[in-house]
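Sequential numbering of the sequence shown, starting at 58, is according to the working numbering.
Below, simulated DMTMM-like cross-link-like pairs (lysine to aspartate or glutamate); rule was C-alpha separation at most 20 Å, straight line: (1) Lys604 / Asp733; (2) Lys121 / Asp82; (3) Lys894 / Glu943; (4) Lys382 / Asp733; (5) Lys604 / Glu415; (6) Lys604 / Glu640; (7) Lys604 / Glu478; (8) Lys121 / Glu216.
Taking CB as the label site, the calculated pair distances span: (9) Leu805 / Arg617: 24 to 32 Å; (10) Pro324 / Lys121: 55 to 63 Å; (11) Ile922 / Arg140: 42 to 50 Å.
What the hints contain is simulated information worked out from the structure, not anything from laboratory work. Ideal Cβ placement from N, Cα and C applies to all residues, glycine included.
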Amino acid sequence: MSMAETTSEPASHGAGVPEDPEHPDYQRHLLLDRRGHAPLPRPQDAVLSVHGLAPAAVAEREEKGLVNRQPRDTSRSLWTILRVHILTLFNLTIAACAVAIIVLGRWFDLVFCLAAVANVVIGVIQEYSAKRKLDAIALLHQDAAHVLRDGTEHAVRLEEIVLDDAVMLRRGDQVPADGVVLSSDGLDIDESLLTGEADAVGKRTGDAVLSGSAVLSGTGLIRVTAVGPDSHASRLAIEARRYSKIPSELRGALDTVATWLTIALVPIAALIVNGQVQAVGGWALALEQDAIEPAVVASVAAITSMIPQGLALMTTISFAVAALKLARQEVLIQEQPAVEILARVDTVCLDKTGTLTEGRIVFDGSTDLISATQGGQPDESTQPGPAWAADLADLRSAGALVLGWFGADPNANPTALALAEAYPSRPPAAPTDQVAFASERRWSAVAFGPASVHDAGASGHVPSGDAVHGAWVLGAPEVLLPASGGGIDAERRAHIEALCDETTSRGLRTMVLCRSTEPAGVGTWFGTDRHLPPVLEAVALLTFREKVRDDARETLEYFRAQDVALKVISGDHPRTVAAVAREVGMEVEGDGYDARNLPSDPEERRVVLQEHSVFGRVSPEQKKGMVSALQQDGHVVAMTGDGINDALALKRADLGIAMGNGAPATKAVSRMVLLDSRFSRLPSVLAEGRQVIANMEQLAHMYLTKTAYAVLFGVVFSLLAWQYPLLPRQASTVDFLMIGLPTFFLTLVPNQRRYVPGFLGRALRFAIPSGLVILAGLLAVNGYARWFAGYSDEVTGLAGAVGTVSLQQVQTASVITLTLMGLWVLNLISRPLTRWKLALIVAMYALLLLVLLIPASREFHQFEIPPWDLTVAAVVIGAVACVLLEGIHQFHRRRHSGSVTSP
Numbered sequence: 058m059s060m061a062e063t064t065s066e067p068a069s070h071g072a073g074v075p076e077d078p079e080h081p082d083y084q085r086h087l088l089l090d091r092r093g094h095a096p097l098p099r100p101q102d103a104v105l106s107v108h109g110l111a112p113a114a115v116a117e118r119e120e121k122g123l124v125n126r127q128p129r130d131t132s133r134s135l136w137t138i139l140r141v142h143i144l145t146l147f148n149l150t151i152a153a154c155a156v157a158i159i160v161l162g163r164w165f166d167l168v169f170c171l172a173a174v175a176n177v178v179i180g181v182i183q184e185y186s187a188k189r190k191l192d193a194i195a196l197l198h199q200d201a202a203h204v205l206r207d208g209t210e211h212a213v214r215l216e217e218i219v220l221d222d223a224v225m226l227r228r229g230d231q232v233p234a235d236g237v238v239l240s241s242d243g244l245d246i247d248e249s250l251l252t253g254e255a256d257a258v259g260k261r262t263g264d265a266v267l268s269g270s271a272v273l274s275g276t277g278l279i280r281v282t283a284v285g286p287d288s289h290a291s292r293l294a295i296e297a298r299r300y301s302k303i304p305s306e307l308r309g310a311l312d313t314v315a316t317w318l319t320i321a322l323v324p325i326a327a328l329i330v331n332g333q334v335q336a337v338g339g340w341a342l343a344l345e346q347d348a349i350e351p352a353v354v355a356s357v358a359a360i361t362s363m364i365p366q367g368l369a370l371m372t373t374i375s376f377a378v379a380a381l382k383l384a385r386q387e388v389l390i391q392e393q394p395a396v397e398i399l400a401r402v403d404t405v406c407l408d409k410t411g412t413l414t415e416g417r418i419v420f421d422g423s424t425d426l427i428s429a430t431q432g433g434q435p436d437e438s439t440q441p442g443p444a445w446a447a448d449l450a451d452l453r454s455a456g457a458l459v460l461g462w463f464g465a466d467p468n469a470n471p472t473a474l475a476l477a478e479a480y481p482s483r484p485p486a487a488p489t490d491q492v493a494f495a496s497e498r499r500w501s502a503v504a505f506g507p508a509s510v511h512d513a514g515a516s517g518h519v520p521s522g523d524a525v526h527g528a529w530v531l532g533a534p535e536v537l538l539p540a541s542g543g544g545i546d547a548e549r550r551a552h553i554e555a556l557c558d559e560t561t562s563r564g565l566r567t568m569v570l571c572r573s574t575e576p577a578g579v580g581t582w583f584g585t586d587r588h589l590p591p592v593l594e595a596v597a598l599l600t601f602r603e604k605v606r607d608d609a610r611e612t613l614e615y616f617r618a619q620d621v622a623l624k625v626i627s628g629d630h631p632r633t634v635a636a637v638a639r640e641v642g643m644e645v646e647g648d649g650y651d652a653r654n655l656p657s658d659p660e661e662r663r664v665v666l667q668e669h670s671v672f673g674r675v676s677p678e679q680k681k682g683m684v685s686a687l688q689q690d691g692h693v694v695a696m697t698g699d700g701i702n703d704a705l706a707l708k709r710a711d712l713g714i715a716m717g718n719g720a721p722a723t724k725a726v727s728r729m730v731l732l733d734s735r736f737s738r739l740p741s742v743l744a745e746g747r748q749v750i751a752n753m754e755q756l757a758h759m760y761l762t763k764t765a766y767a768v769l770f771g772v773v774f775s776l777l778a779w780q781y782p783l784l785p786r787q788a789s790t791v792d793f794l795m796i797g798l799p800t801f802f803l804t805l806v807p808n809q810r811r812y813v814p815g816f817l818g819r820a821l822r823f824a825i826p827s828g829l830v831i832l833a834g835l836l837a838v839n840g841y842a843r844w845f846a847g848y849s850d851e852v853t854g855l856a857g858a859v860g861t862v863s864l865q866q867v868q869t870a871s872v873i874t875l876t877l878m879g880l881w882v883l884n885l886i887s888r889p890l891t892r893w894k895l896a897l898i899v900a901m902y903a904l905l906l907l908v909l910l911i912p913a914s915r916e917f918h919q920f921e922i923p924p925w926d927l928t929v930a931a932v933v934i935g936a937v938a939c940v941l942l943e944g945i946h947q948f949h950r951r952r953h954s955g956s957v958t959s960p
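Generate the whole structure from the sequences, applying the supplied hints.
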């Protein structure tokens, strides 16, 4: 391409670069500047419209990287998923302990790692499978684009489009990149995914178009001005994709406990290690006789017992099971805690277009205008004149046939398409002329029969019995009524305008069907420049509305019954938004609040958000700001949406819920995707979330009790210089019997208790007193062994036995007492006891006996059956502790009976 065919672009503002920051060519200039390229000559639009880019120009842009390659993160990356699940304080501590055991070569004592490994594996597999499913969905929507290059049309992949390409747009196409219109033939664009505005936007030469929009009707040619991550939709998506941790109370409680333990871990670990070394004779003797190993093993047992990794595992399993159950209902959970968040949500922000509505227009009804007067009754003075030879019944029937044609027209816009179901019949004759709908005209037309029998502007008789003959125009009343000529007198026009005002006030779209027997030109119904006939007679007033999802009303009623506040925030006109809100059962007086009037003062904006529930003309940044304001006011906020304009708010919300038919970028940043776009799935999600929270709160009482007594064991036994009474493998088995196996089943129990904030505080108020009781029981059994059974863990204790009782027998007695106390706590958190829960607890007692009696188990655990007096003491001490635990439970239950069911 010669220099005469290009427009030079200077590096700074000047000739060739518009001053308007919103102008597409200004954005083109910024793109080149951001990427560090020298000014690139831009092809002249006139040349580009005919020939497109030359091959050399395409190659130059490909070499410079000016291609439409989009960020491929249609979902969270595998690294992000791994980071969330692996890089935790719990895992760091467990890994350090595992390294110590591996160095000592005591492989059987690595059992404590299994819960941590399972926790990571389950969480990663579930979330990675969700990622793969979302990526597969995104690939299904990557259609080819059509570009004009070297005078020929080519089909190319979206990422092969280059800067300044001439892209051809047809009905149904997605706009693949930002651009400016070079030519337009009735080009109407749906920008609802970007703005929330449901109405089509007509595009003329020189207008900007944005990626993420879609072609509703007409054709056009655009010059690409921004590609890849520099496009409007990509910039929104990139900002929305910035990683943010989901605000899970369950995970937050675990993190809080982990933080507390981490702060205390170094001094506690030092105390435990020193105490265990002293228990075997002191540092000098331990190092001289290479006896440091028992101290390290005992320290690892004490430290790992303090970490509630089982609670983390059960939380992950609960989330994973809920995600699998919801997946069967076409609900994709991208981040595990999302299922919990909905149970805590007290405010749901709803987008209108594509969320409450299906994103399509449906026919609402029609009003006969043929014989209309102000009173709506037939009047001889207003009956059709000589130009309308057919009787009224035939004319109405003809109008119905013509509406059927508009609905079946392959080039019909979405509003006209809505007529197809209500008017299935069409005229038998083929049309002789037609004008496609265009937003700039705001009407479409069709004609039947020849226009040559009339001179331009002259009326005549329609052939008898042919009421379809003539020109029929379907369009906006504010365009057609003023252009009706003498076809509609002032009285009828005022009446029709009043009808239009009434329907518009209810948020309905209004169109008028008119007929004319007077052609616009000689031999042509609409003239060579496609304009209206000189005289129009109103035949029918048609109303349309957005199709509200069938399940929207029922779902919103469910949320209201659950005391969840509802806010509708949309980029559409406030009146339209209010109409949809009323249709789904919300009480709205007048129009919705116009977000262009939102106050900038945070306090004033907070008041507006409290007083209003329906908002229109909301920009993407305002949606995000409204969600933030609600969160700052103490609300837990869920946001539903489908468009690029919703992405920022979805990411900012505590729970972002995307519709399955929404934009890929929107689904990528959401926490949850309704794959079939059915709103009615949300109550199921709420039920699963309530089950997870309620059950995990009960289990937290158990796990935190275990953490409490483990910390106390380690500290107190070390201060007393007593050897820790359990090996790591023994501690792991005790955990399995009283916590791991039974809580797995308890996790899956249906539980519809409503969420009550503050479960960690409630759990700790039960766990700490219970931990003290269990500590007292274990001290009692170890004290009995020392003071009454002849056990000592002084220097000679390294050989395994001193006096009449061995270390292994004391450890066995400690396991008996600890398991009896732990199973009673299990009894407490399982209440009310059902038959299967009782069977589960009895089975755990039976398993304890098997672990103690089976030879292979005794060899693995290094158990020795203690003397009868120590055995009796272990059982009696356990029984007394159970009575004390029962008392703590009854006190705790009475204290919290008014707010929540306690264990």
